[in-house]
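Student: Using the sequences and the hints, build the whole thing.
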Amino acid sequence: MKWINIIALLFVCTVATAQQTYNLSNMTAYDCYGILYDSDEGDNDTYDHNEDLIFKICVPGASSITIDFDSFCTEPDEDYLIIYDGSDTTASKMAKLSGSTSPGSYTSSGGCLTFYFHSDKSVSCFGWKIIWEAEIEPPQAPRFLYQPDVSCESTSFGVRFDQKLNCDSVRDSSFLVTGVLLPQIASITPVNCDGNNETDSFIINLDRPLDRGGSYRVDFTYVYYDACDSPWVLDTFVYFNINDCPIEVDLTLDDDTICLGACTYLNVDITGGDSLNYVYYWDPSAPSGSEPYLVCPTTTTKYKLRVEDGVSLPGSDSIVLTVLNPPRAMNDTTVCIYSGPFTLTANPAGGTWQGKGVDTINAGRYVPLQAGAGLDTVVYSINGCMD
Numbered sequence: 001m002k003w004i005n006i007i008a009l010l011f012v013c014t015v016a017t018a019q020q021t022y023n024l025s026n027m028t029a030y031d032c033y034g035i036l037y038d039s040d041e042g043d044n045d046t047y048d049h050n051e052d053l054i055f056k057i058c059v060p061g062a063s064s065i066t067i068d069f070d071s072f073c074t075e076p077d078e079d080y081l082i083i084y085d086g087s088d089t090t091a092s093k094m095a096k097l098s099g100s101t102s103p104g105s106y107t108s109s110g111g112c113l114t115f116y117f118h119s120d121k122s123v124s125c126f127g128w129k130i131i132w133e134a135e136i137e138p139p140q141a142p143r144f145l146y147q148p149d150v151s152c153e154s155t156s157f158g159v160r161f162d163q164k165l166n167c168d169s170v171r172d173s174s175f176l177v178t179g180v181l182l183p184q185i186a187s188i189t190p191v192n193c194d195g196n197n198e199t200d201s202f203i204i205n206l207d208r209p210l211d212r213g214g215s216y217r218v219d220f221t222y223v224y225y226d227a228c229d230s231p232w233v234l235d236t237f238v239y240f241n242i243n244d245c246p247i248e249v250d251l252t253l254d255d256d257t258i259c260l261g262a263c264t265y266l267n268v269d270i271t272g273g274d275s276l277n278y279v280y281y282w283d284p285s286a287p288s289g290s291e292p293y294l295v296c297p298t299t300t301t302k303y304k305l306r307v308e309d310g311v312s313l314p315g316s317d318s319i320v321l322t323v324l325n326p327p328r329a330m331n332d333t334t335v336c337i338y339s340g341p342f343t344l345t346a347n348p349a350g351g352t353w354q355g356k357g358v359d360t361i362n363a364g365r366y367v368p369l370q371a372g373a374g375l376d377t378v379v380y381s382i383n384g385c386m387d
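Using the working numbering, read the sequence shown as starting at 1 and increasing by one per residue.
Everything labelled a hint here was simulated from the structure, so no lab data went into it. Remember, predicted model here, so these are calculated numbers, not experimental data. Where hints are given, some of them may not hold.
With a Cα cut of at most 25 Å, we get these calculated SDA-like pairs of lysine to any residue [what the hints assert, rightly or not]:
{"no.": "1", "residue 1": "Lys302", "residue 2": "Asp255"}
{"no.": "2", "residue 1": "Lys302", "residue 2": "Pro314"}
{"no.": "3", "residue 1": "Lys164", "residue 2": "Thr189"}
{"no.": "4", "residue 1": "Lys129", "residue 2": "Phe175"}
Computed beta-carbon distance windows for the label pairs [to be verified]:
{"no.": "5", "residue 1": "Gly310", "residue 2": "Leu181", "range": "23 to 31 Å"}
{"no.": "6", "residue 1": "Asn50", "residue 2": "Arg143", "range": "50 to 58 Å"}
{"no.": "7", "residue 1": "Val180", "residue 2": "Pro314", "range": "13 to 21 Å"}
{"no.": "8", "residue 1": "Gly110", "residue 2": "Ser151", "range": "43 to 51 Å"}
Don't be surprised by glycine CBs; every beta carbon is placed ideally from N, CA and C.
Tutor: Printed below as a string of structure tokens:
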């Protein structure tokens with residue numbers, strides 16, 4: 001049996017956060033957004049002399065970091081700021097900046113940038129203001145590792161993902177089970193949460209047993225918060241089949257009683273077992289055509305159907321279609337318009353008459369004068385059949 005596991009990134013929501021500010025020093029910042037100033041250790045809001053400082057920005061999960069210089073000034077040539085595209089000074093050099101020309105903006109190729117600043121023993125300037133912002137790599141949506149193994153009458157089953165999820169972030173509303181039945185999620189049980197309160201396995205507990213065979217689908221929606229505390233809504237789903245429920249057969253008729261010469265539809269509803277391996281055993285022989293079957297028997301008939309799949313407990317059902325012979329009304333007759341009323345007869349008795357001249361007050365009584373001269377047709381009906 002093939003199964004499908006499909007994922008989708010539904011939407012991304014960016015959360016605006018206050019920017020952390022730093023003065024240049026030997027340290028590493030992990031913020032998604034921030035502002036970096038010079039050391040401000042000198043006189044009159046300048047950087048100090050004889051500085052050799054390394055400042056790093058490394059944002060977990062970032063695909064790049066963009067920096068924009070709002071202002072910049074150093075002693076030309078002697079004091080300089082070097083930007084490296086990586087986590088240390090061995091990474092490739094992006095720029096060596098000095099003087100008072102605005103450097104513009106730079107973007108890293110990964111999640112880290114390194115700044116090295118050198119100042120000599122004399123002359124300084126007001127330094128700089130650098131604004132940075134990280135671009136976060138879209139997270140991978142969790143995938144179901146395998147098709148759930150679910151038996152008939154199950155009230156719970158396990159699922160496992162290809163990555164660990166926070167145990168408290170997966171809730172009852174995270175899952176939805178649909179299919180032949182529409183059970184509600186009673187609760188979700190995380191399995192073996194680790195020291196980080198994470199696991200890749202969960203038990204789905206239902207409010208009712210899955211006691212009908214067929215195809216089902218499990219939808220999972222997960223909200224992931226990245227290093228910048230922005231939520232990503234991730235969605236994935238998987239199909240599973242229940243093939244071991246007893247086969248249930250239900251035969252119905254559009255009309256369970258028809259008149260001779262009429263037809264009706266025979267409907268078949270089968271659940272349980274393995275629908276791909278159903279074998280039908282009809283008595284009498286299978287009706288022609290496709291479902292629903294148009295049947296036109298000439299006598300009352302009992303239809304029987306037994307269905308097997310070679311594994312499950314077979315199912316069967318039967319239904320009776322009653323065929324009624326049409327009633328026999330009295331023979332055609334000729335009467336004088338001035339003749340007195342007379343009673344119409346038919347077999348079997350107990351039906352109703354309709355037509356011109358029929359006395360509706362006294363059922364079955366015909367009044368020639370009321371009908372008037374001419375040829376009149378009256379109809380006798382009983383149990384839906386007429387003559």
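Student: Take the hints in turn and mark each one as holding or not.
Tutor: Now the hints, each set against the structure:
About 14 Å separates the Cα atoms of Lys302 and Asp255, which keeps this hinted pair within 25 Å; it holds. Restraint check: the Cα-Cα separation between Lys302 and Pro314 comes to about 20 Å, which is no more than 25 Å; the hinted pair holds. Pair hint Lys164 plus Thr189 holds up; C-alpha atoms about 14 Å apart against a cutoff of 25 Å. Simply put, Lys129 and Phe175 have alpha-carbon atoms about 48 Å apart, too far for the 25 Å limit, and the pair is violated.
Roughly 24 Å separates the CB atoms of Gly310 and Leu181, a value that falls within the hinted 23 to 31 Å. The hinted range of 50 to 58 Å is satisfied by Asn50 and Arg143, whose Cβ atoms lie roughly 55 Å apart. Taking the beta carbon of each, Val180 and Pro314 are about 19 Å apart, inside 13 to 21 Å as hinted. Gly110 and Ser151 have their C-beta atoms about 48 Å apart, which keeps the hinted 43 to 51 Å range intact.
In the structure shown, a violation is registered for the earlier hint numbered 4 alone.
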